[in-house]
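Chemist: From just these sequences and the hints, can you work out the full model?
Read in order, the letters of the sequence shown are residues 511 to 655 in the numbering used here.
Be aware that one or more of the hints could be misleading.
Listed below are the simulated DMTMM-like cross-link pairs for lysine to aspartate or glutamate, each with C-alpha atoms no more than 25 Å apart in a straight line [claimed, not checked]:
| no. | residue 1 | residue 2 |
| --- | --- | --- |
| 1 | K598 | E639 |
| 2 | K598 | E543 |
| 3 | K592 | E572 |
| 4 | K598 | D527 |
| 5 | K561 | D642 |
| 6 | K598 | E558 |
| 7 | K598 | E560 |
| 8 | K520 | E604 |
| 9 | K520 | D583 |
| 10 | K592 | E542 |
| 11 | K629 | D583 |
| 12 | K592 | D607 |
| 13 | K634 | D583 |
| 14 | K598 | D547 |
| 15 | K629 | E639 |
| 16 | K598 | E557 |
| 17 | K609 | E543 |
| 18 | K609 | D527 |
| 19 | K561 | E542 |
| 20 | K598 | E572 |
| 21 | K634 | E558 |
| 22 | K520 | E639 |
| 23 | K520 | E542 |
| 24 | K520 | E611 |
| 25 | K629 | E560 |
| 26 | K561 | E543 |
| 27 | K646 | E515 |
| 28 | K646 | E542 |
| 29 | K592 | D642 |
| 30 | K629 | E558 |
| 31 | K598 | D642 |
| 32 | K629 | D574 |
| 33 | K609 | D574 |
| 34 | K592 | E604 |
| 35 | K609 | D547 |
| 36 | K598 | D574 |
| 37 | K520 | D642 |
| 38 | K520 | D547 |
Hints listed in this document are in silico derivations from the structure and should not be mistaken for laboratory results.
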Amino acid sequence: MNTAEPYRHKVQYYETDQMGIVHHSNYIRWFEEARTDLMAQMGMGYEEMEKRGIMSPVLSVEADYLRMVHFGDTVAINAYIKEYNGIKMTIVYEVVDEKTEMVHCRGLTRHCFINESGKPVSLKQCCLEFHDVFAKGLCDHKNKQ
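Modeler: See below:
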């Protein structure tokens with residue numbers, strides 16, 4: 511998928527319902543954990559962006575639940591940048607069971623970039639360093655397909 515290592519997560523009891531099945535809301539949390547990990551691996555963590563006054567709020571989330579994940583399972587969450595244009599970014603996720611290597615969930619999150627005042631910004635214009643990192647992440651992914 512991309513050059514980043516998958517984010518790994520062992521399912522905790524509190525993430526499940528009475529049947530020991532992961533509650534659907536937790537996949538969205540896992541997406542965020544995987545996205546934060548991906549950005550850190552790319553050398554551009556959220557902390558660095560926020561220090562420079564740039565935020566990246568979620569505009570929308572999608573998740574397709576294909577199979578159940580249970581308490582005690584370990585999943586690998588593959589995340590990669592699918593679309594990026596300097597103003598908006600889409601990140602795609604696959605939640606894969608480490609034992610069976612079966613995909614249990616696919617999803618995506620859409621983001622924009624804003625300054626501390628909440629106004630949209632173009633990373634191409636305000637922070638070329640961030641732009642270059644995200645553009646390279648997009649190119650790396652496209653070169654793998």
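Chemist: If a hint holds in the structure, say so; if it does not, say that too.
Modeler: Against the structure, the hints come out as follows:
The suggested pairing of K598 with E639 holds, with an alpha-carbon distance near 16 Å, which does not exceed 25 Å. A threshold of 25 Å between alpha carbons decides the hint, and for K598 with E543 the separation of about 19 Å falls inside it, so the pair holds. Of the pairs offered as hints, the one joining K592 and E572 holds, with about 14 Å between alpha carbons and a cut-off of 25 Å not exceeded. Taken as a hint, the K598 and D527 pair is broken in the structure, with Cα atoms around 35 Å apart against an allowance of 25 Å.
Between the alpha carbons of K561 and D642 the distance comes to roughly 18 Å, so the proposed pair stays at or under 25 Å and holds. Taken as a hint, the K598 and E558 pair is honoured in the structure, with Cα atoms around 18 Å apart against an allowance of 25 Å. Pair hint K598 plus E560 holds up; C-alpha atoms about 17 Å apart against a cutoff of 25 Å. A distance of roughly 15 Å separates the Cα atoms of K520 and E604; the hinted pair therefore holds under the 25 Å criterion.
With a C-alpha separation of about 6 Å, the suggested pairing of K520 with D583 holds against the 25 Å cut-off. Taking the CA atoms of K592 and E542, the gap is about 16 Å. The hint holds against a cut of 25 Å. Between the alpha carbons of K629 and D583 the distance comes to roughly 41 Å, so the proposed pair goes past 25 Å and is violated. Of the supplied pair hints, the one linking K592 and D607 holds, its CA atoms being roughly 22 Å apart against a limit of 25 Å.
Taken as a hint, the K634 and D583 pair is broken in the structure, with Cα atoms around 41 Å apart against an allowance of 25 Å. Taken as a hint, the K598 and D547 pair is honoured in the structure, with Cα atoms around 19 Å apart against an allowance of 25 Å. Restraint check: the Cα-Cα separation between K629 and E639 comes to about 20 Å, which is no more than 25 Å; the hinted pair holds. As the CA atoms of K598 and E557 are separated by approximately 19 Å, the hinted pair is consistent with the 25 Å bound.
About 21 Å separates the Cα atoms of K609 and E543, which keeps this hinted pair within 25 Å; it holds. Among the hinted pairs, K609 with D527 is consistent with the structure: their alpha-carbon atoms are about 22 Å apart, no more than 25 Å. A hinted pair counts as satisfied when its Cα atoms are at most 25 Å apart, and K561 with E542 qualifies at roughly 19 Å. At roughly 16 Å between alpha-carbon atoms, K598 and E572 fall within 25 Å of each other, so this suggested pair holds.
Taken as a hint, the K634 and E558 pair is honoured in the structure, with Cα atoms around 17 Å apart against an allowance of 25 Å. Distance check on the hinted pair: K520 and E639 sit about 34 Å apart at the alpha-carbon level, beyond 25 Å; violated. Distance check on the hinted pair: K520 and E542 sit about 15 Å apart at the alpha-carbon level, within 25 Å; holds. Taking the CA atoms of K520 and E611, the gap is about 15 Å. The hint holds against a cut of 25 Å.
Annotation: proposed proximity of K629 to E560 holds, straight-line Cα distance about 14 Å (limit 25 Å). The straight-line distance between the Cα atoms of K561 and E543 is roughly 19 Å, inside the 25 Å bound, and the hint therefore holds. With a C-alpha separation of about 16 Å, the suggested pairing of K646 with E515 holds against the 25 Å cut-off. In summary, the hint linking K646 to E542 is supported, as the alpha carbons are separated by about 20 Å, within the 25 Å threshold.
Taking the CA atoms of K592 and D642, the gap is about 15 Å. The hint holds against a cut of 25 Å. The hinted pair formed by K629 and E558 meets the criterion: a straight-line CA distance of about 19 Å does not exceed 25 Å. Only pairs whose Cα atoms come within 25 Å are accepted, and K598 paired with D642 is accepted, the gap being roughly 14 Å. With a C-alpha separation of about 31 Å, the suggested pair K629 and D574 falls outside the 25 Å cut-off, and the hint is violated.
Restraint check: the Cα-Cα separation between K609 and D574 comes to about 21 Å, which is no more than 25 Å; the hinted pair holds. With a CA separation close to 12 Å, the supplied pair K592 and E604 stays within the 25 Å bound. For the hint pairing K609 with D547, the CA-to-CA distance comes to about 22 Å; that is within 25 Å, so the pair holds. Between K598 and D574, the direct Cα distance comes to roughly 22 Å. Compliance with the 25 Å bound is thereby established for this hinted pair.
Between K520 and D642 the CA atoms are separated by roughly 33 Å; this puts the pair beyond 25 Å, and the hint is violated. Under the criterion of a C-alpha separation no larger than 25 Å, the hint pairing K520 with D547 is consistent with the structure, at around 15 Å.
Of the numbered hints stated above, those contradicted by the structure are hints 4, 11, 13, 22, 32, 37, listed in ascending order.
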